[in-house]
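S.K.: Take a look at the letters that make up each chain.
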Amino acid sequence: MNSDVLVLTLLTVISAATPLIFAATGELVAEKSGVLNLGVEGMMLVGAVSAFLAVTETQSALFACLVALIAGAGMALIFAFLTLTLHANQVATGLALTIFGIGLSALVGQDLVGVAYAGLPKLTVPVLADIPIIGPLLFDHNFLIYLSIVVVFGVLWFLQKSRMGLILRAVGESHDAAHAIGYRVVLIRYLATLFGGGMAGLGGAYISLSYSPMWAENMTAGRGWIALALVVFATWRPVRVLLGAYLFGGITILQLHAQAIGVSIPSEMLSMLPYLVTIIVLVMISRDSNRVLGNAPACLGKPFNAAA
Amino acid sequence: MNLSQSNTTPRLRLSGITKAFPGCLANDNIDFAVMPGEIHALLGENGAGKSTLVKIIYGLLKADRGVIEWEGKHVSIDNPAAARALGIGMVFQHFSLFEALTVAENIALSLDGAYNLAALSEKIAAVSASYGLKVDPKRWVHELSVGERQRVEIVRCLLQTPQLLVMDEPTSVLTPQEVDKLFEVLRRLSSEGVSILYISHKLDEIKALCHHATILRQGRLVGEVVPAEETALSMAQLMVGEQLAEPLRADADRDRLDQEVLFQVNELTLPSEQPFGVDLHAINFELNRGEIFGIAGVAGNGQNELLAALSGEVSTPPETILLNRQPIGRYSPTQRRSAGITYVPEERLGHGAVPDMALHENAFLSGFIRRRLLRHGMIDILARNRFAREVCDAFNVKHSGIESAAGSLSGGNLQKYIVGREVLQKPTVFIAAQPTWGVDAGAAAVIHQALLDLADSGSVVLIVSQDLDELLLISDRIAVISGGRLSQAMPTRTADRNRLGMLMGGMKAGTLQEEVEAQGVQHAV
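If you're matching them up, the sequences are chains A and B in order. Here the first sequence stands for residues 49 to 356, where the numbers follow the numbering used here. Here the second sequence stands for residues 1156 to 1680, where the numbers follow the numbering used here.
Check the hints yourself; a few may be wrong.
To be verified - Listed next, the in silico DSS-like pairs over lysine-lysine satisfying Cα-Cα at most 25 angstroms (straight line):
id	chain 1	residue 1	chain 2	residue 2
1	B	1289	B	1278
2	B	1228	B	1217
3	B	1278	A	209
4	B	1293	B	1336
5	B	1289	B	1336
6	B	1228	A	209
These aren't lab readings, by the way, just hints derived from the structure by calculation. Since we're looking at a predicted model, the values are computed, not measured.
Can you build the whole structure from these sequences, using the hints too?
M.R.: Below you can see the structure in the form of structure tokens.
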């Protein structure tokens, strides 16, 4: 394998991983505050279709991403209102949000099927991008890829180093104790959930603007679910989300390449691979309950009622 | 500390504090004062009203009546933040730390001011070094032992430079070595002028540590003593009261020990499954036909573990529990029920009954084997409803139909229903935990009479209770559980309340014996 092929393969891995990084990092923040939002797939789809709609109307990629961010956060707002204000069950509401998102995005995107878009422009770093191998891998991407890395390390800093991040973790760990100290549990969870929705929307935007620049119904194809699994896989640590996303991106690409070079396994089997690996990894991680429990937010998915 | 400075202003003075809960007067006109630098004990049995009083002081509850004075000024403590602002620090019995955060992060969450973990860690290190409270700011709280967590809570309080430190049963979860270390710290704080309110029922600790003790019984203040001038025995007397038991049983003199042994526990040793549970050590007892056997003890001394083993919720080696000489240690709760053991757990809602299910369904769940409520594998609805109505009628349960949810009944009525459901299954052995905890006197009387009648009909009745009065009233023999060990059983007729109180307080049997003999003249009535 010569270096050009290697670089091309790695580039496609980065590309496949980026939507997962956005969605999983956002969900990580929401879960750290104690909110389990299973509607990631729905929020990504709404983000994807609204970004594509915006970019075909205005031709501005930046504006399209902003629209996707707001659309994803809007979906999360519905979820937050139902679960945090009205105390609806988080699991059922999250599943409903995904189904709602699939339907809504298909409806909005009816006229967008078959419309073409050139893809996000690249932000090439001069000089550095000309370095062989490293240049194209690190310094020759569209801005969403750079942003995904910034988001991961930003979240890492926020959770570990900032007072707000500490409060957010405390709320996810024991909402009763946090409430007793005097922190506003519901407000903090609203904000965390909205951030999660916005990031899922951006992940969706990356799919429809860059990964395959077009709109097709249900085009996220289960990435929202993989993002949810990634959070557990990463045991709620941002940098592990990054590594896990590249691992899963790699498996997705491996699967495509294996099909291309004609490996004599049914293509359906290969398409299952990322999901099978997800399940296997989750089982392996869950066996070591201390590792999961030590970092899992203790109040994840539990309703909080200040009056009780 | 110099106690003669009692003419100065008390740091905290409570006058006429009264707090009522529905059906229970938790604090009745309580007065006491804590001086600067004083270690003041609040002594009483469980349910005496200590915790309610402490919650009022820390702003978690509001008193119905009464005045709180701080440094001579009338104050109103509306919430914990107000208490902290005054200079009251509290170390909780059940810790209020965040497990997934580090020590420094936990402490930062309850402190105002700039957020700088490095600077805070230095402060923590300084305080912990100066008081010999070893605490590593970088460690995760979930890795810490119970004693270490308590140190974190104390350091958290000390960083707020409190004037009054409230410690709620601080030694209940500590090893003896940790207790010694804790006492050193508390004496040091006291010498620096910090007042300490020390809540406990452990007499020897209070004798060793405290300058004054206020003793509560059933919500009332019954005495204020200088522990150094008292004996553990005299304080135990004040704590458990002198009320005489009145036998309700016509044939109270009948000797039941000659009768056939129906139930035996042999060398039952059981490590607790809970992280902070109590291990059982070689528990032995034999129960005779027609006998009521009482197990006294302060909560958290192994009662839950013992009851779980007896009811079958935890399985034990077969030979450790014998019913009619048959080993049943491995039997499940359902198997034990069909073999003749019925059980009334302490927790009415969620353990003794399913709150959202109808009364008749709750009757079925426990009684379907012994009362044959199944027909061809289906619920015999008529028989089930008959059983539920029979329980309600026999135990005078006030209800709005047997279709109503168990959770809709009042505490006393639901307890009568649960006890009735188990008694009417005609068990060979009937086990009850706290059968009259938190129920009104009328319901308690109904339940007590039912247990006496059950024993007279030839069953064995085993009662585990923190209420010594209850046990003295109805049981034939009493044993005390403390630290997972069961004392020798003693006939109730000859049982000495003070001796029981001291055994419950964890007094060693040897020292107890000497003290009882030394004071023999005083309390032989």
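S.K.: If a hint holds in the structure, say so; if it doesn't, say that too.
M.R.: Evaluated hints:
Between the alpha carbons of residue 1289 of chain B and residue 1278 of chain B the distance comes to roughly 13 angstroms, so the proposed pair stays at or under 25 angstroms and holds. Distance check on the hinted pair: residue 1228 of chain B and residue 1217 of chain B sit about 18 angstroms apart at the alpha-carbon level, within 25 angstroms; holds. Proposed proximity of residue 1278 of chain B and residue 209 of chain A is supported: the alpha carbons are some 18 angstroms apart, at most 25 angstroms. The hinted pair formed by residue 1293 of chain B and residue 1336 of chain B meets the criterion: a straight-line CA distance of about 22 angstroms does not exceed 25 angstroms.
For the given pair, residue 1289 of chain B sits about 10 angstroms from residue 1336 of chain B by alpha-carbon distance, which is consistent with the 25 angstroms threshold. This hinted pair does not check out: residue 1228 of chain B and residue 209 of chain A have alpha carbons roughly 42 angstroms apart, beyond 25 angstroms.
Violated hints amount to a single one, hint 6; each of the other numbered hints is respected by the structure.
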